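Colleague: Here is how the chains run, residue by residue.
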Amino acid sequence: MAVSHAKHGQPLMGGSRNITASPDRWRWLTGEDGLQKWVFYIPALFMVFFFIIPLALTMVWSVFERTRFWMEPGFTLFAYETFFTSARAENYLFSMIHSAWAVAISFVIGFPIAVFVRRRIPQIAQHRVILLFILPFMISELVRVFALRPVLGRHGLINNLLIQLGIIDEPISVILFTPVGVVIGDVLSFLPFMVFAGFLAMEAVQKYVFEVCDDLGASALRTFRDVIIPLAAPGIFAGGVFIFVNSLGGALVPTILGGPGAVNAGMIVNQAIVAVDFPLAMAISTIMIATMILLLYIGHRVFDLTKILEPIQ
Amino acid sequence: MDQHEFNRRFFLKGLAGITGAAMAGYVPGLSAAEAEELRCWFSGIAKVGAKDFSAMAAHAGVELAVTTKSARADEAIQKMVVGDGNKLFDALTDNGGGMEDALASQKAIVPLDVSQIPNWNNILPMYNEGGLSADTVRYDGKIYAVPYISNADSMAYDYKALGFHPDSWGVMFDSQFKGYVALQNDFGPTLTNMACYLKGSGQVEIENVGDMKPDEVKAVCQFLIKYKKKGQFRTFWDGFQNGVSLLASGEVLMSSCWEPVALVANKKTGDKREILYGTMKEGHQLWNNVVMLSKGGRKRGADALFYKLANVYLSTWFGANTLKSYGFAPQMTGVNEYMDANPDEFDGNTRKVLQQRLADKNARYAVKGNAWQNVFPTHLRAYQDWWARLQAA
Chain A
6 MAVSHAKHGQ
16 PLMGGSRNIT
26 ASPDRWRWLT
36 GEDGLQKWVF
46 YIPALFMVFF
56 FIIPLALTMV
66 WSVFERTRFW
76 MEPGFTLFAY
86 ETFFTSARAE
96 NYLFSMIHSA
106 WAVAISFVIG
116 FPIAVFVRRR
126 IPQIAQHRVI
136 LLFILPFMIS
146 ELVRVFALRP
156 VLGRHGLINN
166 LLIQLGIIDE
176 PISVILFTPV
186 GVVIGDVLSF
196 LPFMVFAGFL
206 AMEAVQKYVF
216 EVCDDLGASA
226 LRTFRDVIIP
236 LAAPGIFAGG
246 VFIFVNSLGG
256 ALVPTILGGP
266 GAVNAGMIVN
276 QAIVAVDFPL
286 AMAISTIMIA
296 TMILLLYIGH
306 RVFDLTKILE
316 PIQ
Chain B
19 MDQHEFNRRF
29 FLKGLAGITG
39 AAMAGYVPGL
49 SAAEAEELRC
59 WFSGIAKVGA
69 KDFSAMAAHA
79 GVELAVTTKS
89 ARADEAIQKM
99 VVGDGNKLFD
109 ALTDNGGGME
119 DALASQKAIV
129 PLDVSQIPNW
139 NNILPMYNEG
149 GLSADTVRYD
159 GKIYAVPYIS
169 NADSMAYDYK
179 ALGFHPDSWG
189 VMFDSQFKGY
199 VALQNDFGPT
209 LTNMACYLKG
219 SGQVEIENVG
229 DMKPDEVKAV
239 CQFLIKYKKK
249 GQFRTFWDGF
259 QNGVSLLASG
269 EVLMSSCWEP
279 VALVANKKTG
289 DKREILYGTM
299 KEGHQLWNNV
309 VMLSKGGRKR
319 GADALFYKLA
329 NVYLSTWFGA
339 NTLKSYGFAP
349 QMTGVNEYMD
359 ANPDEFDGNT
369 RKVLQQRLAD
379 KNARYAVKGN
389 AWQNVFPTHL
399 RAYQDWWARL
409 QAA
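Residue numbers (the numbering used here), protein chains in the order written: chain A, 6 to 318; chain B, 19 to 411.
Just chain A, with the same shape it has in the complex:
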């Protein structure tokens, strides 16, 4: 059978049926004035409906009047006053400090891993090695965090080992149910964020830079401190933000590994919701959002976060 390579608007096959492949049929979708151009607005619409509007509502509800079981329209800063004049602000600050520690330790452990993979692993295997860091994410976070209890506990793996080796006589209790335990949990949970972001950031550091450093006789430490870190700073900052946000808002780690009454910002919000104090929960959420925006603004001013995308460009 002969195949007809029909021109636009011509019948594809002979016969009485007038089947055409006219592009006009799809002009409403793919033409210059077609719906196609609106496709690009979908992400914007998504952001408006699922980010901007909820954000605005959070701020509006935070100044509503609390009723016994809900809230009613009005304007009061009572929820903010409650936050700043109670111990919640103190808890929030502690939570930020613990999160900052988690970021710092993740950087110290995770970024050298990213540098090592980028420099020492053959290019063809680099992405596969990095993918290994996704493996822990295949296991539920609850299981991963809970599994730390038999490791860090008084009768846990670490203490038993140290006692058997004769290094300690009494179990170390500071590594579980303390702020230290929370930071350990955060680091082990969120370390891959730093590895991924660091790996991506290292794309911005061309190989010849290392060669130049070697040629100039710079030590590994100096190359790392004065060359690699400044060049990869936007990526490191991005990884740090991921860890900071998760550590600040996730309830799991402080609940399972934290000491008496351990809380983070997310748990403070949750406790307000459980107590049916919705304006307070909204006020704390607004403060969290403001903290994040401020952090991103500072990061952008200092590191120019648009540079994160430079390797892709």
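The set of hints was computed from the structure by calculation and includes no laboratory data. On a predicted model such as this, the values are computed, not experimentally measured, just so you know. Check the hints yourself; a few may be wrong.
Said to hold, decoys possible - Computed list of lysine to any residue pairs in SDA-like fashion (alpha-carbon distance at most 20 Å, straight line): (1) Lys248(B) with Ala280(A); (2) Lys87(B) with Gly161(A); (3) Lys87(B) with Ala280(A); (4) Lys178(B) with His160(A); (5) Lys196(B) with Asp174(A); (6) Lys286(B) with Val156(A); (7) Lys97(B) with Arg71(A); (8) Lys87(B) with Ile278(A); (9) Lys313(B) with Gly161(A); (10) Lys290(B) with Phe89(A); (11) Lys178(B) with Ile278(A); (12) Lys370(B) with Lys313(B); (13) Lys285(B) with Leu372(B); (14) Lys290(B) with Gly161(A); (15) Lys236(B) with Ala280(A); (16) Lys125(B) with Val156(A); (17) Lys97(B) with Arg73(A); (18) Lys248(B) with Ile177(A); (19) Lys247(B) with Val179(A); (20) Lys286(B) with Pro155(A); (21) Lys236(B) with Arg399(B); (22) Lys97(B) with Val66(B); (23) Lys248(B) with Ile278(A); (24) Lys246(B) with Phe99(A); (25) Lys313(B) with Ala53(B); (26) Lys248(B) with Val179(A); (27) Lys97(B) with Ile278(A); (28) Lys248(B) with Ser178(A); (29) Lys125(B) with Ala152(A); (30) Lys247(B) with Phe99(A); (31) Lys247(B) with His132(A); (32) Lys97(B) with Val279(A); (33) Lys105(B) with Glu55(B); (34) Lys246(B) with Ser178(A); (35) Lys290(B) with Pro176(A); (36) Lys246(B) with Ser91(A); (37) Lys87(B) with Pro176(A).
Here the structure of chain A is known, so what remains is to put chain B in place on it, guided by the hints.
Modeller: Below, chain B alone, put in the same frame as chain A:
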């Protein structure tokens, strides 16, 4: 029936309804026809049997479509008062002693005609004798809720490690157990139990332990802050498995907790430890869980189905089995007699264990300083604020 099945049925029923309406030319739901299945929003513990609600449905002779819920007050309020809970559910469970008042005051649930529940005659006398126990199922003098479990929250301890049976909360503050004590991470039961202790031991004057004034809340929290700073507490636990793990691993030697935590921890630990649940002379927080009929359920004609199910909740079959599986207190009389009459279901050893368990519960209930749970105390803000201070200390 699981969530998936529930949604599928809902979808199919909705589809059938729309088709039927289109054919008959009217909108379904406007007729007062009786419901054929009871749509329930229930806690997972409101059943006999580990898997699903099929045993409950079979005993009640009612088809049940169950969606499981947590015990969070905010969730029930949001769903039933401002959300679509009344459209979705005919019946729900929650904490007595506050939630029935909250939901009834917002007209989310309806008063019950207990003459339609034959087993109401077997309900524990405390629910008909007035006072706080009776209040946990009533609002404005009318009955809105049927209790299905209750308990007195107390302290679990490792008898092998302690070598004695503590009978006072005071042992938690003994310096020899520094760092080996855990409390529940929930200001309701923790502050109430500690208030029972402080009042019962004459350390703080508290007028009403179940509904403390701001100064009283402050005194209780300051006491806890003092001991927290000394390092007395290992942690405040949250979540069932978390509580079990603390006791079973020997990480703590005593913990305020729900009774099932102690039972499961004792099973889990084998011969290493002996986790028991004590009776505290200063008192305990008492609580119950109740089942309620929603306003939407009454609109849809679900009353008859609800009463059939409520009757099962007040049957000795349910009481004996919930005592056996979860360790919660039955809400009716005649449980021992039921177990004696059903040796196939409860062998001699099981009967002995459960009868002792029931006797222990009765001993806890008899303590003078007990206080009923109050989900929404008058000075809730003071509870919240001082709890935050305790956390920050």
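Colleague: Take the hints in turn and mark each one as holding or not.
Modeller: Each hint tested on the structure:
At most 20 Å may separate the alpha-carbon atoms for a hinted pair to count; lysine 248(B) and alanine 280(A) exceed this at roughly 29 Å. Distance hint between lysine 87(B) and glycine 161(A) is unfulfilled; the C-alpha atoms sit about 34 Å from each other, more than 20 Å. With a C-alpha separation of about 17 Å, the suggested pair lysine 87(B) and alanine 280(A) falls inside the 20 Å cut-off, and the hint holds. The suggested pairing of lysine 178(B) with histidine 160(A) holds, with an alpha-carbon distance near 17 Å, which does not exceed 20 Å.
Of the supplied pair hints, the one linking lysine 196(B) and aspartate 174(A) holds, its CA atoms being roughly 18 Å apart against a limit of 20 Å. With a C-alpha separation of about 18 Å, the suggested pair lysine 286(B) and valine 156(A) falls inside the 20 Å cut-off, and the hint holds. Among the hinted pairs, lysine 97(B) with arginine 71(A) is consistent with the structure: their alpha-carbon atoms are about 18 Å apart, no more than 20 Å. Proposed proximity of lysine 87(B) and isoleucine 278(A) is supported: the alpha carbons are some 16 Å apart, at most 20 Å.
With a C-alpha separation of about 52 Å, the suggested pair lysine 313(B) and glycine 161(A) falls outside the 20 Å cut-off, and the hint is violated. Note on lysine 290(B) and phenylalanine 89(A): the hinted pairing is violated, with a Cα-Cα distance of about 47 Å set against a maximum of 20 Å. At most 20 Å may separate the alpha-carbon atoms for a hinted pair to count; lysine 178(B) and isoleucine 278(A) exceed this at roughly 40 Å. With a CA separation close to 43 Å, the supplied pair lysine 370(B) and lysine 313(B) exceeds the 20 Å bound.
Only pairs whose Cα atoms come within 20 Å are accepted, and lysine 285(B) paired with leucine 372(B) is accepted, the gap being roughly 15 Å. Restraint check: the Cα-Cα separation between lysine 290(B) and glycine 161(A) comes to about 15 Å, which is no more than 20 Å; the hinted pair holds. Under the criterion of a C-alpha separation no larger than 20 Å, the hint pairing lysine 236(B) with alanine 280(A) is consistent with the structure, at around 18 Å. Taking the CA atoms of lysine 125(B) and valine 156(A), the gap is about 50 Å. The hint is violated against a cut of 20 Å.
Among the hinted pairs, lysine 97(B) with arginine 73(A) is consistent with the structure: their alpha-carbon atoms are about 15 Å apart, no more than 20 Å. With a C-alpha separation of about 17 Å, the suggested pairing of lysine 248(B) with isoleucine 177(A) holds against the 20 Å cut-off. At most 20 Å may separate the alpha-carbon atoms for a hinted pair to count; lysine 247(B) and valine 179(A) meet this at roughly 15 Å. Between lysine 286(B) and proline 155(A) the CA atoms are separated by roughly 14 Å; this keeps the pair inside 20 Å, and the hint holds.
Proposed proximity of lysine 236(B) and arginine 399(B) is supported: the alpha carbons are some 12 Å apart, at most 20 Å. Annotation: proposed proximity of lysine 97(B) to valine 66(B) is violated, straight-line Cα distance about 26 Å (limit 20 Å). Restraint check: the Cα-Cα separation between lysine 248(B) and isoleucine 278(A) comes to about 31 Å, which exceeds 20 Å; the hinted pair is violated. Between lysine 246(B) and phenylalanine 99(A) the alpha-carbon distance is near 17 Å, which keeps this suggested pair within the 20 Å criterion.
At roughly 14 Å between alpha-carbon atoms, lysine 313(B) and alanine 53(B) fall within 20 Å of each other, so this suggested pair holds. Using a Cα cut-off of 20 Å, the hinted pair lysine 248(B) and valine 179(A) holds, with the two alpha carbons roughly 14 Å apart. Between lysine 97(B) and isoleucine 278(A) the CA atoms are separated by roughly 13 Å; this keeps the pair inside 20 Å, and the hint holds. Between lysine 248(B) and serine 178(A) the alpha-carbon distance is near 15 Å, which keeps this suggested pair within the 20 Å criterion.
Distance hint between lysine 125(B) and alanine 152(A) is unfulfilled; the C-alpha atoms sit about 45 Å from each other, more than 20 Å. The straight-line distance between the Cα atoms of lysine 247(B) and phenylalanine 99(A) is roughly 16 Å, inside the 20 Å bound, and the hint therefore holds. For the hint linking lysine 247(B) to histidine 132(A), the alpha-carbon distance of about 49 Å lies beyond 20 Å, and the restraint is violated. For the given pair, lysine 97(B) sits about 13 Å from valine 279(A) by alpha-carbon distance, which is consistent with the 20 Å threshold.
Using a Cα cut-off of 20 Å, the hinted pair lysine 105(B) and glutamate 55(B) holds, with the two alpha carbons roughly 14 Å apart. In summary, the hint linking lysine 246(B) to serine 178(A) is supported, as the alpha carbons are separated by about 15 Å, within the 20 Å threshold. Of the supplied pair hints, the one linking lysine 290(B) and proline 176(A) holds, its CA atoms being roughly 19 Å apart against a limit of 20 Å. For the suggested pair lysine 246(B) and serine 91(A), the alpha carbons sit about 18 Å apart, so the restraint of at most 20 Å is met.
Distance restraint check for lysine 87(B) and proline 176(A): the Cα-Cα separation of roughly 40 Å exceeds the 20 Å cut-off, and the hinted pair is therefore not satisfied.
Checked against the numbered hints above, the structure breaks hints 1, 2, 9, 10, 11, 12, 16, 22, 23, 29, 31 and 37 and satisfies the rest.
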